[in-house]
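Residue numbers (the working numbering), protein chains in the order written: chain A, 1 to 346; chain B, 1 to 492.
Keep in mind that the hints were calculated from the coordinates and are not lab data. All values derive from a computational prediction rather than experimental measurement. Hints may contain errors.
[Said to hold, decoys possible] Below, in silico cross-link-like pairs of lysine-lysine (DSS-like), each with a Cα-Cα straight-line distance of 30 Å or less:
1) 210(A) x 317(B)
2) 78(B) x 142(A)
3) 142(A) x 66(B)
4) 430(B) x 210(A)
5) 357(B) x 442(B)
6) 337(B) x 142(A)
7) 78(B) x 265(B)
8) 337(B) x 210(A)
The primary structure of each chain is shown beneath.
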Amino acid sequence: MGDAKVLHDVQKQTVQKETVKNQTGKRTGGWKLRIGIADLGPVVALAILLIVGSVMSPVFMTKENIFNILSQIAKLGLGALGMTYVMISGYLDLSIAGILSLCNVMAVGLERSIGTVPAVLIVLALGTFIGLVNGTLLRLIKGDMGASVMITFGTGTILSALALIYTGGYSIRADDDPLFYWFGNGKISGLPVVVIFFFICAVIFHIVLKYTSFGRSLYLTGANPEAARLSGIATARVRTVAFMLMGAIAAFAAVVVSSQTVSASPVAGANYELDVIAAVVIGGTSLNGGEGSIFRTIIGVLLIGVLSNLFILIGLSTFDQMMAKGLIIIAALIMDKYKHLGMSRG
Amino acid sequence: MNILEMNNINKSFKGVQALRNVSLSVETGEVHGLLGANGAGKSTLMKILSGVLQPDGGEIRFKGEKVSFSSPLAAQAKGIAIIHQELSLVQSLSVAENIFLGRLHGKSFNINWKEVYQEAEKLLSRVGAHFSPKTLVRDLSVAEMQLVEIAKALSFQAHLVIMDEPSAVLSGPELERLFDTIESLTQNGVTVIYISHRLEEIFRICDRITIMRDGQVIETRKVAETTREQIIQGIVGRSMNEEFPAKDPVPLGDVVLSVRNLTLKGRFENISFDVRSGEIVGLAGLVGAGRTEIVRCIFGADRFDQGEIIYKGKPLKVKNPGQAISSGIALVPEDRKNHGLITRFSLRLNLTMSNLKKVSRWMFLQRKKERMAGEQLVEQLQVKTPSIEQLAVNLSGGNQQKVVLGKSLFSDADLLILDEPTRGVDVGAKREIYDIILGLAKSGKSVILISSEWEELLALSDRLIVLHEGKLKGELAGAEATSEKIMQLALA
Numbered sequence: 001m002g003d004a005k006v007l008h009d010v011q012k013q014t015v016q017k018e019t020v021k022n023q024t025g026k027r028t029g030g031w032k033l034r035i036g037i038a039d040l041g042p043v044v045a046l047a048i049l050l051i052v053g054s055v056m057s058p059v060f061m062t063k064e065n066i067f068n069i070l071s072q073i074a075k076l077g078l079g080a081l082g083m084t085y086v087m088i089s090g091y092l093d094l095s096i097a098g099i100l101s102l103c104n105v106m107a108v109g110l111e112r113s114i115g116t117v118p119a120v121l122i123v124l125a126l127g128t129f130i131g132l133v134n135g136t137l138l139r140l141i142k143g144d145m146g147a148s149v150m151i152t153f154g155t156g157t158i159l160s161a162l163a164l165i166y167t168g169g170y171s172i173r174a175d176d177d178p179l180f181y182w183f184g185n186g187k188i189s190g191l192p193v194v195v196i197f198f199f200i201c202a203v204i205f206h207i208v209l210k211y212t213s214f215g216r217s218l219y220l221t222g223a224n225p226e227a228a229r230l231s232g233i234a235t236a237r238v239r240t241v242a243f244m245l246m247g248a249i250a251a252f253a254a255v256v257v258s259s260q261t262v263s264a265s266p267v268a269g270a271n272y273e274l275d276v277i278a279a280v281v282i283g284g285t286s287l288n289g290g291e292g293s294i295f296r297t298i299i300g301v302l303l304i305g306v307l308s309n310l311f312i313l314i315g316l317s318t319f320d321q322m323m324a325k326g327l328i329i330i331a332a333l334i335m336d337k338y339k340h341l342g343m344s345r346g
Numbered sequence: 001m002n003i004l005e006m007n008n009i010n011k012s013f014k015g016v017q018a019l020r021n022v023s024l025s026v027e028t029g030e031v032h033g034l035l036g037a038n039g040a041g042k043s044t045l046m047k048i049l050s051g052v053l054q055p056d057g058g059e060i061r062f063k064g065e066k067v068s069f070s071s072p073l074a075a076q077a078k079g080i081a082i083i084h085q086e087l088s089l090v091q092s093l094s095v096a097e098n099i100f101l102g103r104l105h106g107k108s109f110n111i112n113w114k115e116v117y118q119e120a121e122k123l124l125s126r127v128g129a130h131f132s133p134k135t136l137v138r139d140l141s142v143a144e145m146q147l148v149e150i151a152k153a154l155s156f157q158a159h160l161v162i163m164d165e166p167s168a169v170l171s172g173p174e175l176e177r178l179f180d181t182i183e184s185l186t187q188n189g190v191t192v193i194y195i196s197h198r199l200e201e202i203f204r205i206c207d208r209i210t211i212m213r214d215g216q217v218i219e220t221r222k223v224a225e226t227t228r229e230q231i232i233q234g235i236v237g238r239s240m241n242e243e244f245p246a247k248d249p250v251p252l253g254d255v256v257l258s259v260r261n262l263t264l265k266g267r268f269e270n271i272s273f274d275v276r277s278g279e280i281v282g283l284a285g286l287v288g289a290g291r292t293e294i295v296r297c298i299f300g301a302d303r304f305d306q307g308e309i310i311y312k313g314k315p316l317k318v319k320n321p322g323q324a325i326s327s328g329i330a331l332v333p334e335d336r337k338n339h340g341l342i343t344r345f346s347l348r349l350n351l352t353m354s355n356l357k358k359v360s361r362w363m364f365l366q367r368k369k370e371r372m373a374g375e376q377l378v379e380q381l382q383v384k385t386p387s388i389e390q391l392a393v394n395l396s397g398g399n400q401q402k403v404v405l406g407k408s409l410f411s412d413a414d415l416l417i418l419d420e421p422t423r424g425v426d427v428g429a430k431r432e433i434y435d436i437i438l439g440l441a442k443s444g445k446s447v448i449l450i451s452s453e454w455e456e457l458l459a460l461s462d463r464l465i466v467l468h469e470g471k472l473k474g475e476l477a478g479a480e481a482t483s484e485k486i487m488q489l490a491l492a
């Protein structure tokens, strides 16, 4: 029943979330039946894309291509899980580009010197620690959303610089180690390990967000930090933990990326933060905090993954792809704004 | 001759009558004091006069001519200027630029700065200011900014200047200078309407006063023929009816909270008082007396500089509201919509947020438990809502306030701090909230109650603590506690 229940709950929450936005003040009790149109948008878009894709390209719906898409989106998807937490709590984390770059080169560098397992553990610890630093800095200055953008931009810039210093600006190759290679390229009964990792992380992030008091605190903090604080929520700690999870999962994404390419580039994280935020927003999670879900984020990530795959299949150039990506991000933000406008008109 | 005649002005907001047949006449060249408690309708009346609000009915005559102002600019053009309590200067610009904001001399790209500064200089000397018109506003003291506001009003050739609590932030010599300025204005034929809560000032500078209460004018009289007591009586009124529940004497228990010499520089100093179990202690004072600041410090929401808080026999050392709540203290904040509730979330989420531990096991929320707890609170407090999944924003003010109270009950607090728990709540719901508060005390909980409504404080409190500008002015209990007595202490 596992999947079915999760899906059912997702739908239920989707409906509830929608009522959160529906402030029309009608006490008709019919709210339970309302379908989350805002959530439906990305889902419908994804469905259309899948149909269009299978019509346009015979290879699109093959198992190989689908696994290919899923492996491709692992980096984006992992980051987007963490970013969903940070964004629900009312902050943004721009430092993940730096985290990804630094952890990427360090994973490979350490793998060469002290082996795969210690390398992975150290890198994960480093990512978590950076999250702790971000959270602590913002707690000290009692930062708002704007401050989180600037602080994490600052820490991220430092980390990007450290990544370049670490390798002297060059890319480095990983040593041959089957275990290291396995993270990004291994398969379990035909299923890419990366996809399994992503799925497990997504389920955990979903459960923690929806069913624990920590998850609830994230929503409360993001929706109204002062009201949450006065109600006894340790808002600064909640946000710091969100940053730490974000840092850890970005570090894990770095390990996956370095394993996929069996090498590391000190600029591997370039634009990572913005791609991730875009995916979360395209899924329908608000930039204003207090709302969002892992379900939405996964839809957003899949949308981007499928779209890029289709672009390649139909032979669109990289430049055209960039153009399309930009347009989609703008469209997603306009939709987000429209949702909130509708709310205030209520 | 009267420069201003306002006749039978009516104004209502969403069915609430804010002004009822208000008439006001002001003589040319006088300083006319406008008095009344918070919410008496003074500000609404002045907003209508200065074109910010439109009246529902009535007539305004200015210099004998019937006028109606569609905007503040229209009122300004006729010679009516208002200086708001919150100053509206641009901090990063110079004094002269602020005075002539949007109407600097010369053409857009060719401003005649010499003329601007000369004109500004003249205006500043008229109000007795001794700083250069080139000074940046952010480098001025609040008192000096006030003078710039007045100079700005004069630059419009204002014949009538409305000052809304200009003295709220002033004291001592700064206050003297403001009075001098007002005097020189009236000598030059300018008329002033002066709003203030400080009775001393009224006697000092006003020629006549008009007292308002509950949206109506109570009386207009000459200051010279008025006593302090008459003014207080006019402001407070004497009505005490079954708006309030009868308070049975509750046997008081041990001291639960003991505040010793609490000081936060610039806000309040040397505040000491006790609260016993089963006791309702009222904090009285005017806006700016420091009541909210004090309770926020007790609750750990803000830091204090010196002093000690002893709670249940032990020094209370809380760094944040979370720790205060775990110790058994709850706060119902002044600002219900922004600090008390997350209005876009459901009642269930709002009610349980003060104690998530209570509805979770191993970090996991127990939905059923949460729902039952929410429903029980809604029932207990008689919140009128179709379901606990209703969004808080859809509830009336009174019901929202009950939810905030429910939230603090859910945290199992023994000491409840209620900051203006009935602000913006209609009469019926008010009574229900009073009953809830008295019920809490009866069950042995301690309550600190802050309210700007004296009647409410008198009806509910066992003991009253009166504050004035951050200082404790006295404690009143039993027959000693009367509105007049509070007002005397609060105005100090």
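Hint-by-hint comparison with the structure:
no., hint, in the structure
1, 210(A) x 317(B), "violated, 34 Å"
2, 78(B) x 142(A), "violated, 47 Å"
3, 142(A) x 66(B), "violated, 53 Å"
4, 430(B) x 210(A), "violated, 37 Å"
5, 357(B) x 442(B), "holds, 27 Å"
6, 337(B) x 142(A), "holds, 21 Å"
7, 78(B) x 265(B), "violated, 44 Å"
8, 337(B) x 210(A), "holds, 25 Å"
Violation of the numbered hints given earlier is confined to hints 1, 2, 3, 4, 7; the remaining hints are satisfied by the structure.
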